[in-house]
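The primary structure of each chain is shown beneath.
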Amino acid sequence: MSEYFRDIASGVTTVLTGMGITLRHFFNAVKRKGDAGIDDDNYFRQVDGLVTLQYPREVIPTPEIGRYRLYNDIDDCIGCSQCVRACPVECIEIETIKVTKDDLAVCGKTSDGQQKRFWIPVFDIDLAKCMTCGICSSVCPTDCLYHTQVSDFSEFSRENMIYHFGNLTKLEAEAKRKKLEEEKKAAPKPKPKPKPKPKPVPKAAPGGAEG
Amino acid sequence: MSTSLNAWSDALSGFSPAGLPLGLLIIAAIPLVFIALYALTYGVYGERKISAFMQDRLGPMEVGKWGILQTLADILKLLQKEDIVNKEADKFLFVIGPGVLFVGAFLAFAVLPFGPAFIGADLNVGLFYAIGIVALEVVGILAAGWGSNNKWALYGAIRSVAQIVSYEIPAAIAILCGAMMAGTLGMQQIILQQQGEYGFLHYFLFQNPIAWLPFLIYFISSLAETNRAPFDIPEAESELVAGYFTEYTGMKFAVIFLAEYGSMFMVSAIISIVFLGGWASPLPNIGALALNDWTSGPLWGAFWIVMKGFFFIFIQMWLRWTLPRLRVDQLMHLCWKVLTPFAFVAFVLTAVWEIYVK
Chain A
0 MSEYFRDIAS GVTTVLTGMG ITLRHFFNAV KRKGDAGIDD DNYFRQVDGL VTLQYPREVI
60 PTPEIGRYRL YNDIDDCIGC SQCVRACPVE CIEIETIKVT KDDLAVCGKT SDGQQKRFWI
120 PVFDIDLAKC MTCGICSSVC PTDCLYHTQV SDFSEFSREN MIYHFGNLTK LEAEAKRKKL
180 EEEKKAAPKP KPKPKPKPKP VPKAAPGGAE G
Chain B
0 MSTSLNAWSD ALSGFSPAGL PLGLLIIAAI PLVFIALYAL TYGVYGERKI SAFMQDRLGP
60 MEVGKWGILQ TLADILKLLQ KEDIVNKEAD KFLFVIGPGV LFVGAFLAFA VLPFGPAFIG
120 ADLNVGLFYA IGIVALEVVG ILAAGWGSNN KWALYGAIRS VAQIVSYEIP AAIAILCGAM
180 MAGTLGMQQI ILQQQGEYGF LHYFLFQNPI AWLPFLIYFI SSLAETNRAP FDIPEAESEL
240 VAGYFTEYTG MKFAVIFLAE YGSMFMVSAI ISIVFLGGWA SPLPNIGALA LNDWTSGPLW
300 GAFWIVMKGF FFIFIQMWLR WTLPRLRVDQ LMHLCWKVLT PFAFVAFVLT AVWEIYVK
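Protein sequences appear in the order of chains A and B.
Under numbering that gives the first Met the number 0, the first sequence has 31 at position 32, and the numbering climbs by one with no breaks.
Under numbering that gives the first Met the number 0, the second sequence has 249 at position 250, and the numbering climbs by one with no breaks.
It is possible that part of the hints are untrue.
Result set (EDC-like, lysine to aspartate or glutamate): computed pairs, CA atoms no more than 16 Å apart in a straight line [what the hints assert, rightly or not]:
no. : chain 1 : residue 1 : chain 2 : residue 2
1   : B       : K150      : B       : D89
2   : B       : K336      : A       : E2
3   : A       : K32       : B       : D55
Hint data in this document are derived by calculation from the structure and do not stem from the laboratory.
All values reported here derive from a predicted model rather than from experimental measurement.
Kindly produce the complete structure, drawing on both the sequences and the hints.
Set out below in structure tokens:
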């Protein structure tokens, strides 16, 4: 019989304790929970207040060292294709045209002074495939391929997930190819690597979204 | 006061242009409009907001300022939903189930006094009628659960019926304590006895040293009768999908929802009428500050009873978002071994107090 009353007493006290906790949270809903990180001394003391983030209007900044959307700074790209070989999911597609001698100045140099030797009509990254492993950016010799902090880039169509970074239009690429052919014909001996590239037309115009 | 008590409703019921009893329709429509507005906007919206705040969330925020129009958007969505009656269902029971459920919850509103002048029917057995007619909900639940031809729905209905029938015993005995204190079953008479210049001190809860016991017992039982947490095993989401309304869609589902929120207000109003003075103002007259006189009247009465009802609805929601669901055996243990004996004790003590002490 005493157990019966003890049960009732413990039932009442535990219910009241629980209701006290929820009521405290209810009244703390006027506050926002602090944004102290785990390494903050105050982390476990900031337990009360709203935690909801109204996402499109409020965002937590992504960490500076985080890897999110892949971006290629095409002005610094030398077209070495190491990223294509490194990529485990084959999400990068690249097409290059060798720069003819008279065009070397036009093609320019990278920001650290290296002469660029390839036109890059196609540099497509399929971000739907990209798993942000970062191997491509670690092998990139000019550090032009890197992951940005942009984390929200959802699209309604899969095609829009392919980002085009190429630096030539289709017409320009055609012209550069012809120019290269003529130079090869004019040259006394055939070069060992005449850059065959049978693919006739790069599939999309350059442009695309900026990083 | 008591002679002019129903002056407004009498005048309204006499209002019959061209021989049509329009006044009677208006009287009946007052609680209907109220329950609709309440259940649609404040009930669901309040529940979602309160639960969100208790869980450190924000709740609906997108539709309107602070999401205040979210419920209207939900209603519009439910109106557009296809009304599905599954092939193997008992069509008749399936269709009348939500209707009976809603009518059962709504019939009790006829005897709820919304102020000194607003009452649908001032029956001299109003309290008895109210707790009796609510039992009609059981029929609706059973019809819905059986008609669905679904094992979850049937389990939910069986649990619900067992629970509601069981909990009616402590609830009725606890209400009987209030009726003993008042010496009447008429709603208006019960409230009139709790009205006075000392405000809340006239309430039965403070008139009797053991009145808190039937008050608590009735409150707990009313949670079970309205299938609210922690006694929501009939619709236990984690085991029964949605209980007896698993198969319902569209407006039938909305009607079931409406019935739940309607009966929530109904039991809250009954507990405030029996123990907390219904539409009687809680403010006392203090010397020259005649707070009680100033805050009494037909509109103030409606204000007070609605406020008291909302207060108990808040407690119901507070409990729901605090306590986990009881197991079936725990539920029955609480009803038959705890609440019912204590209800009898409260009954005897109230009788002794009323006869020998008062």
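> Among all the numbered hints in the text so far, which are the ones the structure does not match?
Replying inline: The structure conflicts with no hint, since it agrees with every one listed earlier.
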